[in-house]
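In this note's numbering, the protein residues as written are 50 to 468.
Bear in mind the hints are in silico, worked out from the structure with no lab data behind them. It should be emphasised that the depicted structure is a prediction, and the values quoted were computed from it without experimental measurement. Be aware that a few hints might be false.
[To be verified] Estimated spans, in silico, between C-beta atoms of each pair: (1) Pro161 x Leu411: 49 to 59 Å; (2) Pro449 x Asn186: 45 to 55 Å; (3) Asp162 x Asn186: 40 to 50 Å; (4) Ser95 x Tyr380: 46 to 56 Å; (5) Glu428 x Met295: 24 to 34 Å.
Idealized CB from N, CA, C, for every residue including glycine.
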Amino acid sequence: MKKKTFLMLGMVAMAALPCGEAMAQGQVRDSVKIYFRQDYSTLDMSIRDNRAVLDSITAKLSSDYLDSVYRIQKILVVGGASPEGTVPHNRRLSANRAKRLFNYLEQYGELPDSLTQFKFLGRDWRGLTRLVEADPNVPYRRETLKFLYDILRRSEGGEKISDNNVGRLSRFKGGRPYRYMYRVLFPELRASRMYLWYQRILNPMKLTRIYYPKDSFDLPPLPELTPIPAPMPGKKPFYMALKTNMLYDALLVPNVGVEFYLGDDWSLGGNWMYGWWKTDRTHWYWRTYGGDITLRKWFGRAAKEKPLTGHHIGVYAQVQTFDFELGGRGYMGGEPGGDIFDRASFGGGIEYGYALPIARRLNIDFSAGIGYLGGKYYEYIPIDQCYVWQATKKLRYFGPTKVEVSLVWLIGRGNYNKK
Numbered sequence: 050m051k052k053k054t055f056l057m058l059g060m061v062a063m064a065a066l067p068c069g070e071a072m073a074q075g076q077v078r079d080s081v082k083i084y085f086r087q088d089y090s091t092l093d094m095s096i097r098d099n100r101a102v103l104d105s106i107t108a109k110l111s112s113d114y115l116d117s118v119y120r121i122q123k124i125l126v127v128g129g130a131s132p133e134g135t136v137p138h139n140r141r142l143s144a145n146r147a148k149r150l151f152n153y154l155e156q157y158g159e160l161p162d163s164l165t166q167f168k169f170l171g172r173d174w175r176g177l178t179r180l181v182e183a184d185p186n187v188p189y190r191r192e193t194l195k196f197l198y199d200i201l202r203r204s205e206g207g208e209k210i211s212d213n214n215v216g217r218l219s220r221f222k223g224g225r226p227y228r229y230m231y232r233v234l235f236p237e238l239r240a241s242r243m244y245l246w247y248q249r250i251l252n253p254m255k256l257t258r259i260y261y262p263k264d265s266f267d268l269p270p271l272p273e274l275t276p277i278p279a280p281m282p283g284k285k286p287f288y289m290a291l292k293t294n295m296l297y298d299a300l301l302v303p304n305v306g307v308e309f310y311l312g313d314d315w316s317l318g319g320n321w322m323y324g325w326w327k328t329d330r331t332h333w334y335w336r337t338y339g340g341d342i343t344l345r346k347w348f349g350r351a352a353k354e355k356p357l358t359g360h361h362i363g364v365y366a367q368v369q370t371f372d373f374e375l376g377g378r379g380y381m382g383g384e385p386g387g388d389i390f391d392r393a394s395f396g397g398g399i400e401y402g403y404a405l406p407i408a409r410r411l412n413i414d415f416s417a418g419i420g421y422l423g424g425k426y427y428e429y430i431p432i433d434q435c436y437v438w439q440a441t442k443k444l445r446y447f448g449p450t451k452v453e454v455s456l457v458w459l460i461g462r463g464n465y466n467k468k
């Protein structure tokens, strides 16, 4: 925990003042509520009025201490989630949201563990019920409330996965109430709230001006303390990666890739390879170049804790050309002498992979894709320093078209592995 000035002054006030001068000016209760994107626990200042709400509470804790100091008595941190998603996942999500808010406010003042309680709501059925009670526009509102009261009764001892409450609610009345709640009410439940109970007492270290009668000797006024500005909120994280496929490197095909995190567990990446080795004396050719573009969706526990980490699935499109000949029959993709669009084979497919952290700024990404690769290629034989055409064939291949064991360098603000 970081020691902050306003709490240190509070301890001095309680120790230095007589009881009559250290009288509390009444208990104060403050609360702050922030919202999160669906299925996400990252603190995003652009959602609703998150920035204004957090600026208000941090400014109060950070700058008001010149007139008074705060003696914290109790802290309650509550994390919640909307009902969609599994029960275990929503429990973890609500816990992560509560801890994210707590860690942010902890930068501005000491929040003692002994005075802090956490409450993780998981699927916030009670909060959803209150929202339906207050919203007359919910389709089949009376019947929906009766349905939700039944879910609350069933969940008193803890919600069971076998209850399938979300599935039953999504089918209730043809799904009309669920679709309305998903669109209008669920965003209100993706939130975390902190309650603070404290007493505000007079700051004995506040310096004031001393005035003397006009006929007394003149003394310059004592200087007033300059308020300490509140720390500025951290800048928005940025996640990017540079990588190289070590399998291609082992085959003497230099390559490089780049990937950008788009938000909401999506990323966009591209790879390019270029290997152009030849030995005319022995008719040995090893030529290939091309690349791919991949759109990925990240999922799983590791992906929620840190972007560009954990499980991912994706779709990709690829283009490549080749010229292979190892002293005998050779194979050349596309029109001889043409550009990449004349000579290339085109394809695409779906992939699955997992990015494993190995160092603070390094991952290894294991990926494999299956799809279609098509085009045309020429068979030839080298004879007397000439390459004699033998046949033109069509390439129609379906199967594995992408394999990666990539070394990934994480770049960007906040883009590092904590463990």
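Going down the list of hints, with the structure as the test:
For the hinted restraint 49 to 59 Å between proline 161 and leucine 411, the CB-CB distance of approximately 37 Å leaves it violated. Taking 45 to 55 Å as the suggested C-beta distance range, the pair proline 449 and asparagine 186 conforms, at roughly 52 Å. With their beta carbons about 43 Å apart, aspartate 162 and asparagine 186 fall inside the hinted range of 40 to 50 Å. A beta carbon spacing of about 53 Å between serine 95 and tyrosine 380 agrees with the range 46 to 56 Å that was offered as a hint.
In this structure the hint that glutamate 428 and methionine 295 lie 24 to 34 Å apart at CB holds, the actual value being about 31 Å.
Hint 1 alone, counting from the list given before, is not met by this structure.
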